[in-house]
Every structure is written in structure tokens, then in C-alpha cells.
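From first to last, the protein sequence lines are chains A and B. Residue numbers for the first sequence follow numbering that gives the first Met the number 0, beginning at 0 and rising by one. Residue numbers for the second sequence follow numbering that gives the first Met the number 0, beginning at 0 and rising by one.
Worth double-checking, as some hints may not be accurate.
[Said to hold, decoys possible] Computed cross-link-like contacts, DMTMM-like style, restricted to lysine to aspartate or glutamate with a CA-CA straight-line distance of at most 20 Å:
1. B/18 <-> B/63
2. A/160 <-> A/96
3. A/138 <-> A/84
4. A/138 <-> A/123
5. A/138 <-> A/74
6. A/160 <-> A/74
7. B/18 <-> A/155
8. A/160 <-> B/93
9. A/138 <-> B/63
10. A/160 <-> A/115
11. A/138 <-> B/85
12. A/138 <-> A/69
13. A/138 <-> A/155
14. A/138 <-> B/36
15. B/18 <-> A/96
16. A/138 <-> A/157
17. A/138 <-> A/199
18. A/138 <-> B/86
19. A/138 <-> B/5
20. B/18 <-> B/5
21. B/18 <-> B/85
[Stated by the list, open to error] A few chain B positions that, by computed beta-carbon distances, are all more than 12 Å from chain A:
22. 0
23. 45
24. 96
[Said to hold, decoys possible] Simulated coverage check for chain B against chain A, where a stretch passes if three residues somewhere in it have a Cβ under 8 Å from a Cβ of chain A:
25. 24-37
26. 66-74
27. 78-85
Keep in mind that the hints were calculated from the coordinates and are not lab data. In this text the structure is predicted, and so the values were computed from the model without any measurement. The C-beta atom is built at its ideal place from N, Cα and C for all residues, glycine as well.
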Amino acid sequence: MTVRGTPTGCVLGIVPPHLLEALARNGTGDARDSAERALEHSRRLAAQRRATRGRPRGTYSMMATTPPQDREIYDAHNGNDLPGDLVRAEGAPAVADAAVNEVYDGFGWTWLLYWEVFGRNSFDNDGSALIGSVHYQRKLDNAAWDGTQMYFGDGDGEYFKRFTLAVDVIGHELTHGVTSTESNLTYQGQSGALNESLSDVFGSLVKQRGLGQDAA
Amino acid sequence: MRLRLEQSGGFAAIPGLSKPVELDTAGLSRDESATIEGLVHRTGILEGGVRSVSGPARGADLREYTLTVEDGGAVTTVHLRDPITDDAVAALVEQLQSHRHRPT
Chain A
0 MTVRGTPTGC VLGIVPPHLL EALARNGTGD ARDSAERALE HSRRLAAQRR
50 ATRGRPRGTY SMMATTPPQD REIYDAHNGN DLPGDLVRAE GAPAVADAAV
100 NEVYDGFGWT WLLYWEVFGR NSFDNDGSAL IGSVHYQRKL DNAAWDGTQM
150 YFGDGDGEYF KRFTLAVDVI GHELTHGVTS TESNLTYQGQ SGALNESLSD
200 VFGSLVKQRG LGQDAA
Chain B
0 MRLRLEQSGG FAAIPGLSKP VELDTAGLSR DESATIEGLV HRTGILEGGV
50 RSVSGPARGA DLREYTLTVE DGGAVTTVHL RDPITDDAVA ALVEQLQSHR
100 HRPT
């Protein structure tokens, strides 16, 4: 059995509470004092967890509750202005426009991968809103991260369909947001290639996890 | 007036679909020529009214463009990057892209 000392000198960790209670009750000298301090520390932590339950957290903890997602989907109406008009906010029901719902759901899949697997709250690990604009420009063959939000073109209809159809594209673009807030790999040359590669990998992970696929 | 638009980057950067566009308005119909020359003047590019971007992009998968306009012996070249926020510049880029010959 291993125990971990805290800066205050008390012992806690994987020592089960019933052992600590027995030590506090029946132990002698240092062992009893140490067990009492560990129990008191555990009680304080439990109280803190109760007080912060439901709040977004900046760092991952096995005991953290799931923070709320914050998705905002806009319609650029085939123009150049971003983000456009808000057409679906967090918690709002699906709308008639499939592109809007695809981005909303794709953001959800991506957000869940980062939270459930890596304990990361949104792209910046600070719970920031995921903002996406659909119908950007006319017949645009592109999807991109502009440094603060994502936008998606409708495709030319001949070679490309709308860029919201593939959830791995959405995961790819959102991962650029993760990269920009972590390593900020410069988007040119080799660092740009690494930046792209990370987005490709995590885009695929988003899709595979959302579809329940494993690596086997 | 002669114009050239080169394009690079983007999530779907396929060279065959993003070949440079070259136009000489002298070879266009009167309406097409008037449309393009009107857009060029709206941008103010010949008067230095369009600023080039510099340095790496803050975002990712953003398209970049090199736009060259030659008029009366003067040649002006600017480097642009999506999202283009100037409506006149965006309209000119879109108009030039509509003249791109796509593979069949």
C-alpha cells in the first residue's frame, strides 16, 4: 500500500476511509494524529466537490462533473460576413436546415471526445463557446478555422457537397482550435504540417468514437 | 486591363480545381468587362487601397490568394487570405473565380 504525503504532512491517497477511522480511533501517537488529519482533509475535499458541482472546470478530475456545452451555430447566408445570424444555440431543438444540425451535432461529438477522453472542456479547456457558421460564401469548397470560429462552405455541388456532412471535417477544424491554444504550431512549413496532421488524427478519432468503432 | 488570381490552401486544396485564373478584359464581352473593371475600381486596388496580409495565418485551412492587376502599364499585386472582409475585394475574387476553367 502506498500513501502520499501532503504539504501539511497528513497521509491520504488510497488508504480506505475505514482504515483511517480505525487508526484515528485505536491508533497511538503519530499514526492517530496522521489519520485524523487525513480524514479531515478528505472531508474538506468532499465539501469542495459538493460546492463546485455543475460548474465548468479548468482541469480534469476523475470527480469533476460534466460541464455544460456551449454551441452557437450561425447562418452566413452565402455572404462574407461572419458569424452571420444565430440560428441554433445550445439546447435549442433541431432546425429545418440540415447543415445547421450537422454542425451542432458534430461539435457535440467533438466536445464529448475531448471531455470524456481527455478531460478537456472545449477547445481552449476553458469552456469557450464552439462557434460555427454555415453557408459561408457561395458554393465554397472549404471549411476552416479562422482563429476564433469555424466556417463551412456549401461546396460547388459538382465535386464537393456541403462541408458539414462529414463529422471528421468538423472534428478536424475544431482541433485547430485546440492546437492554437496549446502548442500554437505556426501554420506554415513543418510546424504547419504537424498542425494539419493533428487535426486529421483527431478528426478521425471524433468520427470513430461517435460511431462506436474501435481500433481492432 | 489584365488580371491574374492564384489560389492556395484550404481543406480541399486540389490543384486541378484551383488553377490560376488569367483574364484580359479586352477579350471579354462589354458587360463582363464593365463588371470586372467596375469591381477593380470599387476595391481601390490600383490606388493602393488594398493591403496585403503578411506572416502565417492565425487560423487554419484558410485559402490564400495572390491577385495581380495590370492596367495602363502599372502592375499591382496583393496577397489576400480568407475570410476576406472587404465586400468589394471578396466580390472581385468571386467574380474571377467564376471564370476559372474547371476540368470536365
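Tested hints:
Of the supplied pair hints, the one linking residue 18 of chain B and residue 63 of chain B holds, its CA atoms being roughly 13 Å apart against a limit of 20 Å. In summary, the hint linking residue 160 of chain A to residue 96 of chain A is supported, as the alpha carbons are separated by about 15 Å, within the 20 Å threshold. With a C-alpha separation of about 19 Å, the suggested pairing of residue 138 of chain A with residue 84 of chain A holds against the 20 Å cut-off. For the hint pairing residue 138 of chain A with residue 123 of chain A, the CA-to-CA distance comes to about 31 Å; that exceeds 20 Å, so the pair is violated.
Pair hint residue 138 of chain A plus residue 74 of chain A holds up; C-alpha atoms about 14 Å apart against a cutoff of 20 Å. For the hint pairing residue 160 of chain A with residue 74 of chain A, the CA-to-CA distance comes to about 17 Å; that is within 20 Å, so the pair holds. A threshold of 20 Å between alpha carbons decides the hint, and for residue 18 of chain B with residue 155 of chain A the separation of about 15 Å falls inside it, so the pair holds. About 19 Å separates the Cα atoms of residue 160 of chain A and residue 93 of chain B, which keeps this hinted pair within 20 Å; it holds.
Between the alpha carbons of residue 138 of chain A and residue 63 of chain B the distance comes to roughly 17 Å, so the proposed pair stays at or under 20 Å and holds. Taking the CA atoms of residue 160 of chain A and residue 115 of chain A, the gap is about 31 Å. The hint is violated against a cut of 20 Å. At most 20 Å may separate the alpha-carbon atoms for a hinted pair to count; residue 138 of chain A and residue 85 of chain B meet this at roughly 19 Å. With a C-alpha separation of about 28 Å, the suggested pairing of residue 138 of chain A with residue 69 of chain A is violated against the 20 Å cut-off.
Distance restraint check for residue 138 of chain A and residue 155 of chain A: the Cα-Cα separation of roughly 4 Å lies within the 20 Å cut-off, and the hinted pair is therefore satisfied. Proposed proximity of residue 138 of chain A and residue 36 of chain B is contradicted: the alpha carbons are some 23 Å apart, above 20 Å. Pair hint residue 18 of chain B plus residue 96 of chain A does not hold up; C-alpha atoms about 32 Å apart against a cutoff of 20 Å. For the suggested pair residue 138 of chain A and residue 157 of chain A, the alpha carbons sit about 10 Å apart, so the restraint of at most 20 Å is met.
Pair hint residue 138 of chain A plus residue 199 of chain A does not hold up; C-alpha atoms about 24 Å apart against a cutoff of 20 Å. Distance restraint check for residue 138 of chain A and residue 86 of chain B: the Cα-Cα separation of roughly 17 Å lies within the 20 Å cut-off, and the hinted pair is therefore satisfied. Of the supplied pair hints, the one linking residue 138 of chain A and residue 5 of chain B holds, its CA atoms being roughly 18 Å apart against a limit of 20 Å. For a cut-off of 20 Å, the pair hint linking residue 18 of chain B to residue 5 of chain B stands: about 7 Å separates their Cα positions.
A distance of roughly 23 Å separates the Cα atoms of residue 18 of chain B and residue 85 of chain B; the hinted pair therefore is violated under the 20 Å criterion. For residue 0 of chain B, the condition that its CB be more than 12 Å from all CB atoms of chain A holds, with the nearest at approximately 23 Å. Distance to chain A confirms residue 45 of chain B as a non-interface residue, since its nearest Cβ pair spans about 22 Å, more than 12 Å. Residue-level check failed: residue 96 of chain B sits 9 Å from the nearest beta carbon of chain A, not beyond 12 Å.
Given a C-beta distance limit of less than 8 Å, the hint that chain A covers the segment 24-37 of chain B is violated, as 0 residues qualify and 3 are needed. Restraint check on the segment 66-74 of chain B versus chain A: 0 residues with Cβ-Cβ distances below 8 Å, three needed, restraint violated. As drawn, the segment 78-85 of chain B meets chain A at 4 residues by the rule of a beta-carbon pair under 8 Å; at three or more, the given contact holds.
Hints 4, 10, 12, 14, 15, 17, 21, 24, 25 and 26 from the list above are not met by this structure, while the remaining hints are.
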